[in-house]
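Using the hints provided, position chain B relative to the given structure of chain A.
Protein chains: 2
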Amino acid sequence: MKAYNVVGHSVRRLDALEKATGTGTFASDYSLPGMLYAKVLRSPHAHAKIISIDTSQAEKLPGVKAVATYKNTPRVKFNTSATMTFTVPAMEPVLDQYLFDNVVRYVGDEVAAVAATSEKIAAAALELIKVEYELLPAVFDPLKAMEADAPVIHDGCKEGKNIPGDIVKIPYGDVEKGLAESDVVIDETFKLPVQKQVQMETQAAVARVSNDGKITVWSSTQTPHPSRMILAHVFSVPISKVRVLNPPYVGGGFGVRIGLSAKAEPIAVALAMKAKKPVKLVYDRKEDFIASDTRHAGYVSVKLGAKKDGTFHAMDLKGILNAGAYCSFSCETPGVLGAMGLAVYRIPNQHYYGHSVYTNTTPAGAMRGFGNPQAMFAIESAVDMMAEKLGFDPLQLRLKNIMQAGDPWCLPYPCSSSGLAECMEKGAASIGWERRGSLNRPGAKILRGIGVGVGTHVSNAWPFCVDYDNAYITVQQDGSVLLASGVPDIGTGTSTTLPQLAAEALGVNFDQVSLTFGDTETTPFDIGSHASRTLYAAGTAVVAAANDARKQILAYAGEYLEVAPEKLELNDSIIYVTGQDECDARKVHLKDLAYHAHLRNKQFIGVGRIVPENAPPWHAHFAEVEVNTDTGQVKVAKLTAAHDVGRAVNPVIVEGQIEGGVLQGIGYALSEEIKYNEKGKQLNDSIHKYMLLTAEDVPEVDAIIVEANDRSGPFGAKGVGETGLVPTAGAIANAVYNATGIRFKEIPITEEKMYRALHEKA
Amino acid sequence: MKAYNVVGHSVRRLDALEKATGTGTFASDYSLPGMLYAKVLRSPHAHAKIISIDTSQAEKLPGVKAVATYKNTPRVKFNTSATMTFTVPAMEPVLDQYLFDNVVRYVGDEVAAVAATSEKIAAAALELIKVEYELLPAVFDPLKAMEADAPVIHDGCKEGKNIPGDIVKIPYGDVEKGLAESDVVIDETFKLPVQKQVQMETQAAVARVSNDGKITVWSSTQTPHPSRMILAHVFSVPISKVRVLNPPYVGGGFGVRIGLSAKAEPIAVALAMKAKKPVKLVYDRKEDFIASDTRHAGYVSVKLGAKKDGTFHAMDLKGILNAGAYCSFSCETPGVLGAMGLAVYRIPNQHYYGHSVYTNTTPAGAMRGFGNPQAMFAIESAVDMMAEKLGFDPLQLRLKNIMQAGDPWCLPYPCSSSGLAECMEKGAASIGWERRGSLNRPGAKILRGIGVGVGTHVSNAWPFCVDYDNAYITVQQDGSVLLASGVPDIGTGTSTTLPQLAAEALGVNFDQVSLTFGDTETTPFDIGSHASRTLYAAGTAVVAAANDARKQILAYAGEYLEVAPEKLELNDSIIYVTGQDECDARKVHLKDLAYHAHLRNKQFIGVGRIVPENAPPWHAHFAEVEVNTDTGQVKVAKLTAAHDVGRAVNPVIVEGQIEGGVLQGIGYALSEEIKYNEKGKQLNDSIHKYMLLTAEDVPEVDAIIVEANDRSGPFGAKGVGETGLVPTAGAIANAVYNATGIRFKEIPITEEKMYRALHEKA
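Sequence lines, in order, name chains A and B.
Using the numbering used here, the letters of the first sequence correspond one by one to residues 1 to 762.
Using the numbering used here, the letters of the second sequence correspond one by one to residues 1 to 762.
Chain A with its partners taken away, still in its complex shape:
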């Protein structure tokens, strides 16, 4: 393996000092002279029509500068997610939201907003807005919402009642025939909960509308360029007159702000237009819970058929997800659920059918994994059930059936690399898989179990949506480098890893590279930080830009040194003749060459413009759990997460991504869930009520990095951001079964559920 100077090294994060010392700026920190503060009035009802709305008293309150309602804001339909900016043909994006509407569709839906000279005044003004509602019938479960007597939440659903957009169908082989030919069939339905991202920073935006009409928004979005397109659409202005930027830090995202930060950006813009002052809108944690996208809850059904020898022969997969009150990513999520679900195992006959259904709950949208954790909880549970039925070791059954590099599959890009077998082997060694049969003494109060779950994912968003990327590399007059990439760093470390790629690909010292990012004005188009694509897709553009700049440098150096450019190398910021010893006089420091070029009217500017392919990252999680038979508490004792990331550009950052994902996966499996009361009100709308893992709950996590380089990624890298939680719930549920003999077909496996199950079993 080639040794790299920068890639593969865990250089210190460039944002570390600013973040550790609290001097980094987030949207909520951002302020402008004369800025106003906004607050949003939200619906107390799950479904209602606004009969009248009177803002006159609020407007009279001293300090109030603007009040926005459906009456005085654009009647332009949009989608708060970025789907409206990058849905690919033949799919059509679903535009089903107004900035404010005269119908509210969930508890928390936006009714009005106020901008005032202080947050306190804005909050007081909300109390003075009088709204008269006519209550409408509401529905909260996706299956019930399709029933004949269910209320219509949105008109115009073409595929069936309350079904937004298109139904996804993925045929592959002949599933009916395949199931009929199978010796054993597992046929199960699994129920998935509403998980919340609970990213560190709540949704926030500061908007300024200048007198010349230019809209500038500092926001917590994960997707400045697509967000800019949405804002241009909502306010009917050219995209070029809108600037969206992170300021520059974003406190996590996990998908919740792909597109708008809920509606923080356009509400702030609408108020700024009215007030003719900058406006800041920061959602509080409760608003973030009730009014920003969640993970899709729903039902996933698996019919898995196998031959007696353990060969998987057919799988029929079905996903019915709860869209909540607005579409957001509810068309794409069932698609990714199916595509990823069908991509893990070599099964000649498969079919997937899936869609979402509107209900009167908080909208569901993108969350880390994007349908894949739902799919893999169901599939990995079913595979374990199959192993038991066939009398196979679950690990061996998987090893027999997993997809191999070069295998045909249902996806439109090749299965170009796989380190899954290596992940499984290394993970099994780490967890002590051989102990699996002999963990529990008879009558033990604490039951132990080990389980496995595997999976794959994407490394970018194509072909599920538009995905291309651009980067500029400008070599400065002293040989230092400014790299411009439109992709934000929402905490994943790409503001460190993209410069690493640039330094390595160009051949300059890492400390000479500076990055501008997450700003639509400093950078060319990029679809944002999501889909595990940032390092892979934006990174590919960075490498392309570096290669372009490098070529120009070597051509110029060739003339300068009087050597053919192809004989030159650029390394450590020095250009020298390949293979010559260090004393060869024919070398020049990039610093000197760049200044020489500058004095002759030349700057090296590299442009990278790429459409990335896609590449499969792979992962195997091994959970060891302890079930307390007295309390029903399930505790993860150890979680081994072996991940094929293609290439770990910065191993510590990769491990951080994996570990963070694992913790979210454990929460998904055991404790995290938003529940609604019978009126559609969230019961867990704060961090105190929503059961995230605490420091005490965190097990030993062994993150194992496997590097099956993919030819398409930068230095072989593949996606990693979302993968950490894809197989986790399946691994834990399987470990729980191994410990207790109880098969949970619904997560989270809470203390309460386990306690009941243990008693039922007894």
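Do not take every clue at face value.
One copy or two, either will do: identical chains are not told apart, so a pair holds if it fits within one copy or between any two.
[To be verified] Result set (SDA-like, lysine to any residue): computed pairs, CA atoms no more than 25 Å apart in a straight line:
1) K551 - K602
2) K214 - S28
3) K551 - V607
4) K400 - V185
No wet-lab data here; the hints were simulated from the structure.
Relative to the frame of chain A, chain B by itself:
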């Protein structure tokens, strides 16, 4: 002439509304949370050594957060002007300044700076800094400063005592022989005053140094990219770690901030580094007068030889300028003085010799015209004297001798176009040149006179310094366009005219184009707004970028429409088949095409990278003056300014440039001058004492646009920014002579001088 959709139209300035409503942001408006305010302690002495400096009391004052002196700031030599970033070989830039030094060289020189929580506290702290000086002998006149007993102001002058850098010599033909062969020789020396830019906004900067070491400066500079290079040099950091931007407006410049805004940027940075807080430094008007660059005063000698038939045969030109205390642009200015002076007339035998000389006055640097107004006051006075001696009409003598397109000359680029004869003809008609002999009745108290002055100039800075430019054009997904150009708009209107060029060259509607400018992070390299180059050089890059994008668009449209791209046109944002009638179905709106491409992972990004040639703009000014023989007051009744600008991209903006230049030229001729007392203290360090034209003094100005398109400029355009004042003083002095018979060889022609001269004559 081809009719253009956008070019040639006086579209409304895009900055008009923001500026007219006071909502546009200038550096002095800029503020950041936690920002401190800085004040500078300045030398009361013209030349002294600092024996001791005690800042302890200042540091103890509550609210003071940082004090900077020569003891605790970088000992790195630099030059406040951009010369250090773009001087071309074989010249070497003169680096003769420290941020603070232990020797002060003029009254106003920086001694220390304080950052405090308020301006008041910072000012109070200055009073608490105790400085002990040892006075050194001082000199204020450039001729005296070269004498043997003059004090040495800077060591290391290689060409002679107190001469910074190189002496400029431009040989052309054989001047000695030429003068010997001439029938008539005019041999005169002219004296030029210190003029001040008195731009609307004083020097200002806000600096932030983040914890990761990134330096960001919002400043009033005319040259963000070069300023960034200077700051990187002073603070020894990679250029890529420095960002300089206008915020985005700059209240004029006229050359005073090519490079740093005096030292506002590095002083603010040094204090921000110490205080670990953002720091704002805004100079007051007095500081702007005494401590920011002035126009070069000095002496210009002309030996002009002609044949009896009126043919100019030889000219020996010499310029000795006052550099003041530091070099700034004192090497380049004598060069431009000579090069421009030798370029106006066809004279086969010429020579120029020129340099600057250090004195203990405020440094002289760039000011609109950059040596050329000095040259042309002298030359145009001498030409009129020659006309009288030869018995020629001054206009006819000039018409006989002016340079024609295609003529050989001393400059390294061709004389590629000239509309000077047309300027002279149209100008003469406007002023009523034929009235010249019959303006005054005998014994009139008010004497009238008409005079002419002509000249040329550059359209960019090459070959006098580095000059290249880059632009990006990104076509957005709705067909709107973001244009990125590094050049600032310092009030000249380029934030309107560059988008005009982009719209025209690309073929899109003007309202679809948005510009980002004057920011080193949003834009590729550019040398700044000066040298009359902005529209010409930056505009050429914009057109190149537009052509690049256009090519991509037509190639894509060719596939889309199934037509060969070369058969397609893009106009008014519509792509259609050339020559087809409007009903041809084969057309597509750019909006639709751009979105079609976006959905297929493609964005049209044009990159323009150019090294502009240079092209001569030409101008003829005609002044009609009234001289009050009682008071000595000279009043300009009318000033006709006929300018060959190649192409007026926005005629109203061009007229504004010309008119503004004319007024500065009238001030130069009649009233503006900074004088020093015997200790080197400015006597005119405020707008009340420095005699700018007031509204009452403004004559009728007839700005006439002539368009001798130059092949090298965008749509034929040439420079205009500086030209408005190049020939003005000559025209006025010649008109004064025509009125009174008194030849002034020194400007300004103040009331006092005229009064004395009239009495001497009488």
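Now for the hints, and whether the structure bears them out:
{"no.": "1", "hint": "K551 - K602", "verdict": "both (14 Å within a copy, 23 Å between copies)"}
{"no.": "2", "hint": "K214 - S28", "verdict": "both (21 Å within a copy, 21 Å between copies)"}
{"no.": "3", "hint": "K551 - V607", "verdict": "both (11 Å within a copy, 17 Å between copies)"}
{"no.": "4", "hint": "K400 - V185", "verdict": "within (17 Å within a copy, 104 Å between copies)"}
Checked against the numbered hints above, the structure breaks none of them.
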